[in-house]
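*Asks:* Line by line, the protein sequences are chains Z and A. Letter by letter, the first sequence follows residues 1 to 194 of the working numbering. Letter by letter, the second sequence follows residues 195 to 473 of the working numbering.
Note that these hints are calculated values from the structure, not bench results. Among the hints, a few may not be true.
Computed beta-carbon distance windows for the label pairs [as the list claims (entries may be wrong)]:
1) A:G249 x Z:A164: 48 to 54 angstroms
2) A:R231 x Z:A164: 26 to 32 angstroms
3) A:E284 x Z:Q162: 28 to 34 angstroms
4) Z:A165 x A:A412: 31 to 37 angstroms
5) Z:Q162 x A:A340: 34 to 40 angstroms
6) Z:A165 x A:H374: 37 to 43 angstroms
7) A:R364 x Z:Q160: 21 to 27 angstroms
8) A:R312 x Z:Q160: 37 to 43 angstroms
9) Z:A164 x A:A458: 19 to 25 angstroms
10) Z:Q162 x A:A362: 23 to 29 angstroms
Here are a few chain A residues that face chain Z, going by a calculated C-beta distance under 10 angstroms [as the list claims (entries may be wrong)]:
11) R228
12) D353
13) H372
14) A381
15) S416
16) I442
17) A473
None of the values given here were measured: they were computed from a predicted structure. Glycine included, C-beta positions come from ideal geometry on N, C-alpha and C.
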Amino acid sequence: MPKRGVIAIVLTTGALVLLLSFKTPATTLPTGGVDSAVAIAGGRAPAAATAAPTATAAPAATIGPSRSATAAGGGVPATSAPAATAVPTPAATDAPSAVTSDGTLVGQPVSFRFGTVQVQVTISGGRITDVTALQLPAGDPRSSQISQYAEPYLRESVLQAQSAAIDLVSGATYTSEAYAQSLQSALDQANSQG
Amino acid sequence: MNGHATFVIPAMTAGIADPGGAPPRAGERRGQHRVERVMGTVVTIDVRDPGVDPGAVDAALAYLHDIDARFSPFRPESEVSRLARGEIREDECSADVRHVLALCEDLRRTSDGYFDIRGHRPDGRLDPCGMVKGWAVEEASRILEAAGANDYAINAGGDVIASGGPAAGRPWRVGIRHPHKADRLAAVLAVRDRAVATSGTYERGEHIRDPHTGRPPAGLLSLSVVGPSLTWADAYATTGFAMGLAGIGWVARHVGYGACGITADGRVLWTAELDRLLA
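Extracted from the complex, chain A is given alone in its bound form (with noise of 0.2 angstroms):
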């Protein structure tokens, strides 16, 4: 090869966790690099500028752990975990929590319903997920740049931020991973300052419903969404995927937001937003 490494996913094999992205190519700048399991994935930082204090880097994923203790459903003694089984009221909640609680309902109200953090699982119980890994994405980068970081990505399981770009004068570049094949590409995005989130059903299971049908939504394989923020580029990925094919058209509605899909019979879908992106 020439140095500039082609990123093909093999079948899984036996490895380590290291999963955000390729490795600076030849000639690029190393920076920081790290791989973190929290929310329940794998959050992979990556810094490009030089003399970034890596404690941002610390502080940054001690945040991510926090707010996973915080807001997980999952843990039976977090704040949204009480407030579901009714030992905490809202008012009682911290003012994250009350946040981001108020952002769901939001877009509760103005997606007709289709983001609704009580009503898309099964059993009914309190899931603010859909907002949450987005949201404290973006909050962690915060910390990050306030440590004077400008060129870096954050990949939280498939949920993007690039930032800057990974050399001078290059983009980053992100994959849409196809949905039927691990080790392939259904697209490819040159982006700066952009986050890409995407929502689908071929991991995890069908664990996004259509909280009018409760049922799985029909005519998407999976939903991508390319936005100014992760906070909503992930909530509209997940709130757009609950609409099935309509779904692409209701997330381009918002401005500086786009939409790619990918449907069940075989076709890429995407909006204008994205032509000068897609690579």
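Chain Z extracted, bound-state conformation (with noise of 0.2 angstroms):
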């Protein structure tokens, strides 16, 4: 599937402060990639993303996650009170300059508790067509597990249909009916190829 052409659209503590900071004509980018950015990073809706930088900036640091009992396979979620792990401090005053047109952006870097992240954008076609981080925190493990996270990790490819070899199929939860039915004359299929 769709690891070729993949386009990774931003989504790091860096990225957000970077995009929220530099002021962009409204042609310039993408909306999609934007809103999906901020909302996101700041895991919220997207409509409360979009308010101003200086609200989003603090859930954007939340995407260190907390130390994990649910990775296990029980206990509680791993979202516990991730505000008080990582507020961000902009350790550069110097906004980047506005983009009005294609081009590679570097971000300011982002001191927050776990290192420094610094990330450049690659804008193409007034679309972001790459994301990659210059600087990230790196030495003890959770500090790694957070740089895991502080890289950009939203690919995007074009929905395709398609068909393939496959043991299992996930999907939301199927009618029983349509979902037997179908399954089956596709069983059927499968038995008289084989």
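Mind docking these for me? Both chains are given alone in their own frames, and the hints should help you get the complex.
*Replies:* Printed below as a string of structure tokens:
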């Protein structure tokens, strides 16, 4: 599947600050990219996340996950009180210049509790086509874990209808009749081909 | 064909229920393959290990029926229905019900209210289904494992546990259904020891609502979550879907969990966690 043509769209604390901080002409950035970047970094609904930059900077810092009992398969979810663990402090004051055309933007380095993040965004055809991390925190395991999340993590491709050899299907809870009928006929077909 | 069946789900035709998965490929063990209608959907258990007591599969399915009887908001005599009507207090419920309600409350708090078992239905009725199914299936999987199963899959109406592999050296291949075309896939994941759960609006109407707005969430047609626990993969899929686009990132904040969202404008978005799993 859609590994080819991957477009990374944003998503680091640094990228968030970067995106919020440059004064963008209305036509420059794809609304989808920016909206989802802000929303995802903030972990909030798009409507809430399009508020003023000062309001969204704090939730952006909650990207760093707290230590998780959940990963082992039980206990409470991993997001408890992340806000207290990573409050970003912009380390540089000079905001990147506004972009009016394609090119590469280097964001300001942003320090937070586990290190400094600095990203570079490539814009082509008015769309963000790549985000790379120039600086990421490293060192202790906790920082490494957060680094993983500070890297741009949202990839995109065009939705395509495909078929492939699979063992199971995951989908929104099926009405049993439709699900059963559809899949049974598929199994019948698979059996007849096998 | 060459014996490796291409599993294309065609448009609906008459048939009998066996929905959970494709048969073993040529040369692969058949194992035990069981299908049961329970919890308002169809559950398939596919055990590939030899020598697992069929009684364990019976017990796992019986467990799901028991959970359904106690938790279903659609059964008037279930504990959950009696609790919703005020006939019993929460502290009078069984340990299982209290445990699941506590999980729901934890997630309500850490999801900024997006997971709310009292807020997502139009009638405001208590409905813990967003937590119960994944939890119950995960509990049922422990029954199989206690009987020695390692290579098995359970598909509970689209929520999947894929343990071990279907054959030596091969991971389970889990297709993510295309939201518009029931006979096509939007993506394929190759997984071992992972749970995959999907929430969406394309089946059963728009039954997930944003508890803050009372309306169906915007932006996503479906959200699939992959992680180590089906309890949380299922609950996170429900929660993240209610958040709309932002839900993809919200899921990714949980260590070990990744998400794949399909947007209303025809894009597939996924988190780095899934890069190595997308086949």
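*Asks:* Each of the hints needs a verdict: does it hold here or not?
*Replies:* Results of checking the hints against the structure:
no. : hint                                : result
1   : A:G249 x Z:A164: 48 to 54 angstroms : 35 angstroms, violated
2   : A:R231 x Z:A164: 26 to 32 angstroms : 27 angstroms, holds
3   : A:E284 x Z:Q162: 28 to 34 angstroms : 46 angstroms, violated
4   : Z:A165 x A:A412: 31 to 37 angstroms : 34 angstroms, holds
5   : Z:Q162 x A:A340: 34 to 40 angstroms : 38 angstroms, holds
6   : Z:A165 x A:H374: 37 to 43 angstroms : 22 angstroms, violated
7   : A:R364 x Z:Q160: 21 to 27 angstroms : 24 angstroms, holds
8   : A:R312 x Z:Q160: 37 to 43 angstroms : 39 angstroms, holds
9   : Z:A164 x A:A458: 19 to 25 angstroms : 24 angstroms, holds
10  : Z:Q162 x A:A362: 23 to 29 angstroms : 27 angstroms, holds
11  : R228                                : 14 angstroms, violated
12  : D353                                : 7 angstroms, holds
13  : H372                                : 5 angstroms, holds
14  : A381                                : 5 angstroms, holds
15  : S416                                : 6 angstroms, holds
16  : I442                                : 6 angstroms, holds
17  : A473                                : 7 angstroms, holds
Checked against the numbered hints given earlier, this structure breaks hints 1, 3, 6 and 11; the rest are met.
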